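**Student:** Starting from the known structure of chain A, fit chain B onto it as the hints suggest.
The listed protein sequences correspond, in order, to chains A and B.
Numbering-wise, the numbering used here puts 213 at position 213 of the first sequence, and it's gapless, one number per residue.
Numbering-wise, the numbering used here puts 121 at position 121 of the second sequence, and it's gapless, one number per residue.
Don't read these hints as lab results, they were simulated from the structure.
Computed from a prediction, not measured in an experiment: that's the story for all the values here.
Hints should not be assumed to be uniformly reliable.
Calculated cross-link-like contacts (lysine-lysine; reagent style DSS-like; alpha-carbon spacing at most 27 Å) [said to hold, decoys possible]: (1) B/LYS15 <-> A/LYS224; (2) B/LYS52 <-> A/LYS224; (3) B/LYS155 <-> A/LYS224.
One-letter residues, chain by chain:
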Amino acid sequence: MAARHRHRIPIVAPFLQQMGEVAMLMGRTIRDTFRRPFEGRIFLQQLESIGVRSLSVVSLTAAFGGLVFGLQTYTGFHKYVGPGTEVYSGPIISVGLCKELIPLLVALMVAGRVGSSIAAEIGTMKITEQIDALASLGANPNRYLVVPRTLAAVIMVPVLTLYGDMIGIFCGFFYNIVGMGVNRIVYIRNALLYFNFWDVCVGLIKALVFGFVIATVGCWQGMKAEGGAEGVGRATTRSVVVGSICVLILNFFLSKGLPK
Amino acid sequence: MIRIADLHKSFGPKKVLQGVNLEVGEGETMVVIGQSGSGKSVLLKHIIGMLKPDRGQIFIDDIEITGLREDALQGVLKKFGMLFQGAALFDSLTVGENVAFGLRRYTKHTKKEIEEIVSDSLAKVGLRGVEDLMPHELSGGMKKRVGLARAISYKPQIILYDEPSTGIDPIRADSINDLINQMKRDLCVTSVVITHDMVSCYKVADRIAMLYDGVIIEVGTPAEIQATRNPVVQQFISGRAGGPITDW
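So that you can see chain A by itself, here it is in the shape it has in the complex (with noise of 0.2 Å):
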């Protein structure tokens, strides 16, 4: 018993420091973020990092999640309930495509785009003792490196998520109308009717979050990045599998506390 205690502190114990760590830089960003000198121009550049250049793989990610979402949805009424009553999944592709599949479709593709990223960057920085600098000048390296990414996440994230759900939207409408003939005047009232704008309101709150963790991982698995350049790409590495973790488990949590 008591050697099986000592095999499990070792694993125990680093996850727990490293949530901890985690923890402190996600507590440390958001006091830093009411602090002065805000670093403005880092922080519009990130916004055009994590915003514009996201745009076109957020567009074929939207677009696609939407028309296989609108095909699954025709298939299952078609098949399962009956010719005719394709018309009701307008608001199941709207419902389902803003408050599940868009913001964790979209959070992914910035874990893997930004996330790796923002890493690879701070780590580098790291080892070439970038960051070192920037403290010796003044630069306080988290409210420098850290905050105008992190803010900037939580800014596009849900940016890109909303402009992800029209495309989704129009994809799935597209889908069923155009492709396969579902009558349009039904299909939108029953899409109006039964969707709502809390709808959007759920993507956007876990964009917001997936956001946040995406850049505050990035950041952290930066900022202990050593050992050179294989240090970095273990760095990179992990903030692509961590953050998109985080996002999958959070999402599951997010859905089923935030109000239906």
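**Tutor:** Relative to chain A, chain B alone:
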């Protein structure tokens, strides 16, 4: 003036500094020598407040910095300029923006004044017309000189040099040594130089301190160090593999 008293620092089980005591006088160039991995850079990072010691104190002009809060430490940091081993230029900024970085944070100069100081600082290290280049367009020696221009741009009272001659050819290394002496002459700065290059050491040092086994084992002028009877120091400065230092 810099005063280090009984400084201890460990990383996990590895004890790096085990009671370092050292004083650097105003306007003096102190060179700290020691083997690779002996804790020289760790000592430098403690002096500039980047690392917190496990025990001990560091006084900068009689202000104890180890317990200072972030805002107060920023005030002390203005006194420091630091040349990093690999220059540590910011990849995403131009040479001009790199040199202006500390000026923008530590001073209230106008944009025009900053541009003039940047050109002036670059000219001091023998570089002209490179403001718009990116760091990746520079050679290793040029990077070091830009790093030095960045460190001196806001006229610090203390400059820390972390292995200034490492990774560059002997001629460029000698030009860096000349620059260190020139900074001392022109700006009357206090300098701490970390190196294991003895040629560079003798050229720039007013005094030399040897860090070994986590403590300073010998301090003296270059002549005193060369004449020392301490076998560890003798082995190190003569670059012999045989002797009391065996962990290499």
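**Student:** Please go over all the hints and tell whether each is borne out by the structure.
**Tutor:** Hints, one by one, checked against the model:
1. B/LYS15 <-> A/LYS224: holds, 21 Å
2. B/LYS52 <-> A/LYS224: With Cα atoms ~18 Å apart, B/LYS52 and A/LYS224 stay inside 27 Å; holds.
3. B/LYS155 <-> A/LYS224: Between B/LYS155 and A/LYS224 the Cα gap is close to 32 Å, so the pair fails against 27 Å, i.e. violated.
In the structure shown, a violation is registered for the earlier hint numbered 3 alone.
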